[in-house]
Structure formats: structure tokens, C-alpha cells
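From just these sequences and the hints, can you work out the full model?
Using the numbering used here, the first residue of the sequence shown is number 7, and each one after it goes up by one.
No wet-lab data here; the hints were simulated from the structure. Possibly wrong hints are sitting among the right ones.
Here are the in silico distance ranges between beta carbons for each label pair [unchecked claim]:
(1) L157 - E67: 41 to 51 Å
(2) E102 - E164: 25 to 35 Å
(3) E102 - L63: 24 to 34 Å
(4) L17 - K43: 31 to 41 Å
Simulated crosslink set (EDC-like; lysine to aspartate or glutamate; CA at most 16 Å straight-line) [claimed, not checked]:
(5) K145 - E94
(6) K154 - E93
(7) K176 - E74
(8) K154 - D144
(9) K176 - E67
(10) K141 - E94
(11) K145 - E93
Because the structure is a prediction, the values reported are computed rather than measured. Positions of the beta carbon are idealized from the N, C-alpha and C atoms, including for glycine.
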Amino acid sequence: MNVQDLITEALAMGAGGVITVFAGYYLFGKDIQAYLKIKEDKDSGLDGKKELLHLRLQAHERVILFVERINPSNLFLRLYQQGMVVEELQALALNELRTEYQHNISQQLYIGTQAWQVVRKLKDDTVAMINNAAKSLDKEASAAVLSKVILSYMAEMEQNPYELSQELLKKDIHHLF
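Here you go:
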């Protein structure tokens, strides 16, 4: 075999290789680019950031719902039954508060520290408000009296702490964007 035949065969093989690469890129180029984009997104952590944002928004939703549910006007409306006495409504309300709080305690991982401290204090203040109002009443009095005392106390407040807490949580959400 001489040098000229060797060069001819090398050029033919090289041309065949180049044609094969171009044909492969033409057929699979979009798939390769899509794969590389997905890999790049995963490497840059976008999927993790999207998931974390979703969890944080969901936590804020749950905590806002928690605040709404422990608001005495909603709590007593939900729990009050005809014929209940103060002691029964107090026990039922405190149990409901603790259960709701325990159900939502893990949400503190996804909301701001200040917002969680406000929510925890709101829960503690609600417990104290119910206990203090119940202490001032006869335990065998109608539960409606307990509701009236607490709702009257809340009506005298300059600002509703439950609404303020929800506003703080909404502001905490806006810091995410």
C-alpha cells in the first residue's frame, strides 16, 4: 500500500466520521441541549429553590390559617354548644389551641424567626386571656358568658392582635420575592 492510498482512505474515513457527527447532531441535537439544560438547572439548585419557596409559601398559608383558627371569635363560634358551662368551654378551647399549635409547630422552619415569635406569643396570650376570663367567672356559669367577656375585651382593644399577626405574616411572605 502506498502513501497516496493511505491518505485517500484516511480522508474517506474522516469525511464519513464528520458526516456521521453532523447527522447525529441534526437528529439528536435538541435532545442533547434539553438534557444539558435540565442538568444545568439541577446543578444550579433551581429545583431545590423552587421546592423551598413552595414549602415556605405553604407554611405561611398554614400559619395564617392557624392565627385565624385561634382567634377567639372563630374559636368560640366553632366550639360552643348549647348548654355548655364556662369550665367546659375553657377546657375545650385550651385543648383546641394546643392541638392546633402542635399541628403547626414545624412551620417555624419555613417562616421568619420574628414572625414565629409573634405567632407563639399570640397563642400564649390567647391561652392567658381565656384562663383569666374564666377565673373571673363562676365555673358553672353559661359558656356564652365566657365568650361575651372575651369578645368584649377584644372589642376594647385598639388593634386586633390576630389581624396584626396576619399582616406581619403577609409582610414576611413579601420578603421572599
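Taking the hints in turn, this is what the structure says about them:
1. L157 - E67: 41 to 51 Å: Roughly 26 Å apart at Cβ, these two residues miss the hinted range, so it is violated.
2. E102 - E164: 25 to 35 Å: 27 Å, holds
3. E102 - L63: 24 to 34 Å: 26 Å, holds
4. L17 - K43: 31 to 41 Å: For K43 against L17, whose Cβ atoms are near 36 Å apart, the range 31 to 41 Å holds.
5. K145 - E94: 8 Å, holds
6. K154 - E93: It holds: about 15 Å lies between the C-alpha atoms, which stays within 16 Å.
7. K176 - E74: Since the Cα atoms of K176 and E74 sit roughly 13 Å apart, the hinted pair holds (cutoff 16 Å).
8. K154 - D144: 14 Å, holds
9. K176 - E67: 9 Å, holds
10. K141 - E94: With a Cα-Cα distance of about 13 Å, the restraint between K141 and E94 holds, given a limit of 16 Å.
11. K145 - E93: Between K145 and E93 the Cα gap is close to 5 Å, so the pair holds against 16 Å.
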